[in-house]
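S.K.: Single-letter residue listing:
Number of protein chains: 2
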Amino acid sequence: MARAALVAGDWGTSHLRLFLCADDGSLLARADGPGVAQARSACADVLDRLLQPWSREHGDLPVVLCGMVGSTVGWTLAPYVPCPAGIEDLAHGCVALRDERLHIVPGVSCRNRLGAPDVMRGEETQIVGAMQLAADLARGRQLLCLPGTHTKWVLPEDGRVVELLTAPTGELFALLREHSILVGDAATASGADTVTDGAGYQRGLSAAAAEPQADLLHRLFECRSRRLMGELAATDSAAFLSGLLIGNDVAGALKLFASARVPKRVPVIGAPGLGALYARALAAQGREAPMLEGTAAALAGLVRLQQLLPEHSLTHGH
Amino acid sequence: MARAALVAGDWGTSHLRLFLCADDGSLLARADGPGVAQARSACADVLDRLLQPWSREHGDLPVVLCGMVGSTVGWTLAPYVPCPAGIEDLAHGCVALRDERLHIVPGVSCRNRLGAPDVMRGEETQIVGAMQLAADLARGRQLLCLPGTHTKWVLPEDGRVVELLTAPTGELFALLREHSILVGDAATASGADTVTDGAGYQRGLSAAAAEPQADLLHRLFECRSRRLMGELAATDSAAFLSGLLIGNDVAGALKLFASARVPKRVPVIGAPGLGALYARALAAQGREAPMLEGTAAALAGLVRLQQLLPEHSLTHGH
Numbered sequence: 044m045a046r047a048a049l050v051a052g053d054w055g056t057s058h059l060r061l062f063l064c065a066d067d068g069s070l071l072a073r074a075d076g077p078g079v080a081q082a083r084s085a086c087a088d089v090l091d092r093l094l095q096p097w098s099r100e101h102g103d104l105p106v107v108l109c110g111m112v113g114s115t116v117g118w119t120l121a122p123y124v125p126c127p128a129g130i131e132d133l134a135h136g137c138v139a140l141r142d143e144r145l146h147i148v149p150g151v152s153c154r155n156r157l158g159a160p161d162v163m164r165g166e167e168t169q170i171v172g173a174m175q176l177a178a179d180l181a182r183g184r185q186l187l188c189l190p191g192t193h194t195k196w197v198l199p200e201d202g203r204v205v206e207l208l209t210a211p212t213g214e215l216f217a218l219l220r221e222h223s224i225l226v227g228d229a230a231t232a233s234g235a236d237t238v239t240d241g242a243g244y245q246r247g248l249s250a251a252a253a254e255p256q257a258d259l260l261h262r263l264f265e266c267r268s269r270r271l272m273g274e275l276a277a278t279d280s281a282a283f284l285s286g287l288l289i290g291n292d293v294a295g296a297l298k299l300f301a302s303a304r305v306p307k308r309v310p311v312i313g314a315p316g317l318g319a320l321y322a323r324a325l326a327a328q329g330r331e332a333p334m335l336e337g338t339a340a341a342l343a344g345l346v347r348l349q350q351l352l353p354e355h356s357l358t359h360g361h
Numbered sequence: 044m045a046r047a048a049l050v051a052g053d054w055g056t057s058h059l060r061l062f063l064c065a066d067d068g069s070l071l072a073r074a075d076g077p078g079v080a081q082a083r084s085a086c087a088d089v090l091d092r093l094l095q096p097w098s099r100e101h102g103d104l105p106v107v108l109c110g111m112v113g114s115t116v117g118w119t120l121a122p123y124v125p126c127p128a129g130i131e132d133l134a135h136g137c138v139a140l141r142d143e144r145l146h147i148v149p150g151v152s153c154r155n156r157l158g159a160p161d162v163m164r165g166e167e168t169q170i171v172g173a174m175q176l177a178a179d180l181a182r183g184r185q186l187l188c189l190p191g192t193h194t195k196w197v198l199p200e201d202g203r204v205v206e207l208l209t210a211p212t213g214e215l216f217a218l219l220r221e222h223s224i225l226v227g228d229a230a231t232a233s234g235a236d237t238v239t240d241g242a243g244y245q246r247g248l249s250a251a252a253a254e255p256q257a258d259l260l261h262r263l264f265e266c267r268s269r270r271l272m273g274e275l276a277a278t279d280s281a282a283f284l285s286g287l288l289i290g291n292d293v294a295g296a297l298k299l300f301a302s303a304r305v306p307k308r309v310p311v312i313g314a315p316g317l318g319a320l321y322a323r324a325l326a327a328q329g330r331e332a333p334m335l336e337g338t339a340a341a342l343a344g345l346v347r348l349q350q351l352l353p354e355h356s357l358t359h360g361h
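If you read the protein sequences in the order shown, they are chains A and B. The letter at position 3 of the first sequence is residue 46 when you use our numbering, and the numbering goes up by one with no holes. The letter at position 160 of the second sequence is residue 203 when you use our numbering, and the numbering goes up by one with no holes.
Next up, chain A with everything else stripped away, as it sits in the complex (with noise of 0.2 angstroms):
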């Protein structure tokens, strides 16, 4: 068995997922802990309470985290790398903690084409493990699709993220669904089964793609009149509203960045489950969408980075 050679964690809000890892990058062991909105300022115990079996075996390894960890609700500030930000960057843009014996990779911001500002934390890190595990993602100008609670459309070029802009699809579509009457009792009740189901998910992206002129603000109560009017099931109304956001958000996206004259081939960096709902909205607009794990992807955009720090990084947290 290779020898284990250091710790890598995805924090994000929700979720730690820490990762033990061989000197050549494999996966030995795995633990799993609270998201940094739970954690708070006990981040340090949270983490050294789940270290503690793998130092007793192997001694004392350097870490490196990713993820809203490095945010002000985290554990120490790691600021935005602004764009466009390669891997050097980041891994420049690292902050140092314990002796240098743990590291918190820093989000990248920028101003994106509607000229507002955007920032991501913890997509970079499953960026530059795409770019590792699929290495003509860091050759030319790409799109890239990270689906999550907040959408990320990132732009890299030769391997440096240019741009990106978020689309806050997935908290739209938690919120509507659980607290709008514009979904429905039924949809609630049946839970997240429904958003995959393949008819009223197909409904909601057709409906979405019916009228390109349309707003989504403007098609969103038809998940309500639809069922008022027998024409959609209750228990399909979760998925179609899936649909309908998912639909718009990606031909939305689509049409904005059509001006960067990015590849047909807009890869999905993410969760399996909605990542297979994104690529088939890719793919109803002509776009082949291959698809990368984004647990493997940051875990191996960790590894990567911890190769790349100084061996005594410049900055330091507190």
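FYI, nobody ran anything at the bench for these hints, they're computed from the structure. Some clues are possibly wrong.
Claimed, not checked - Subject to a maximum C-alpha distance of 20 angstroms in a straight line, what follows is the list of computed SDA-like cross-link-like pairs (lysine to any residue):
| hint | chain 1 | residue 1 | chain 2 | residue 2 |
| --- | --- | --- | --- | --- |
| 1 | A | K307 | A | A178 |
| 2 | A | K298 | B | E200 |
| 3 | B | K298 | B | E200 |
| 4 | B | K298 | A | A253 |
| 5 | B | K307 | B | A319 |
| 6 | B | K298 | A | E254 |
| 7 | A | K307 | A | R330 |
| 8 | A | K307 | A | G329 |
| 9 | A | K298 | A | P353 |
| 10 | B | K298 | B | E206 |
| 11 | B | K298 | A | Q256 |
| 12 | B | K298 | A | A252 |
| 13 | B | K307 | B | D201 |
| 14 | B | K298 | B | E254 |
| 15 | B | K307 | B | E331 |
| 16 | A | K298 | B | P255 |
| 17 | A | K298 | A | E336 |
| 18 | A | K307 | A | G158 |
| 19 | A | K298 | A | P255 |
| 20 | A | K307 | A | G183 |
| 21 | A | K307 | A | A326 |
| 22 | A | K298 | A | G158 |
| 23 | A | K298 | B | Q256 |
| 24 | B | K298 | A | P255 |
| 25 | A | K298 | B | A253 |
| 26 | A | K298 | B | K298 |
| 27 | A | K298 | B | E254 |
| 28 | A | K298 | B | L299 |
| 29 | A | K298 | A | A326 |
| 30 | B | K298 | A | L299 |
| 31 | B | K298 | B | S249 |
| 32 | A | K298 | A | E254 |
| 33 | B | K307 | B | M334 |
| 34 | A | K307 | A | M334 |
Got chain A sorted already, so can you dock chain B onto it with the hints?
M.R.: Relative to the frame of chain A, chain B by itself:
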């Protein structure tokens, strides 16, 4: 003092507004009660309790009610009148109860220009009243804006409603302000006043208008990112969101109805505060937006519909 001749009621989901009217339609007294969401199966009792003091003084008066009281969750179902729907169609569609001493006004349904079914209930009566108060609205083609939890864009032609389109703008605003991290705690804590704040609202309007290609979904994150980057005060973020949503609603609706060649003048019928926000957004798009107060319009509509009721109604509720 004029003789009491009619009780008119606007009975929505969250409020009942009851009016005692003279034979010339003037208002003699007013009472408020719970909406149908609270009254549920006790609508009859709720009404009788409010009518009692008036009945003692003026005897048994005819009653006409509009709004969600005529929905499946109200007192009795008054089925939607399909478009094109004129004032006579609405009068004929009224459902009679209590030996034809009480009538419930039906809602209106259509298939809108996006190919989706659409409905309204309560707004049709405000439109009838608006045409009484401003006779020019009953001539030629008009685009009317009735802002609210579910904003209605309504197209009447020579006084008959031929189409409507719903945008759940108010509901989305309330959901995002209350539950989303996009707006944040400061905005929630500072309450409704922030929404009418001039600067934040104007900035949201401008953002919505800046890039007509951008869907709402790709602008929403701006509420958060501008705060993160110190470009927007936390106390301005709810007003900014309001401007973004209403700006999108107005620009989107004008775009969708452009092919209907509606007049430059887009009357706004509704509550003065929200109406003023819509009027500002319409003015920013180069439209004149005269305002009509919604409650006065509803009252005028109920009085007019009562005058048109057939002496013996054809339909009977239970």
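S.K.: Can you name, in rising order, the numbers of the hints this structure does not satisfy?
M.R.: Going through the list in order, the structure violates hints 2, 9, 17 and 18 and respects the others.
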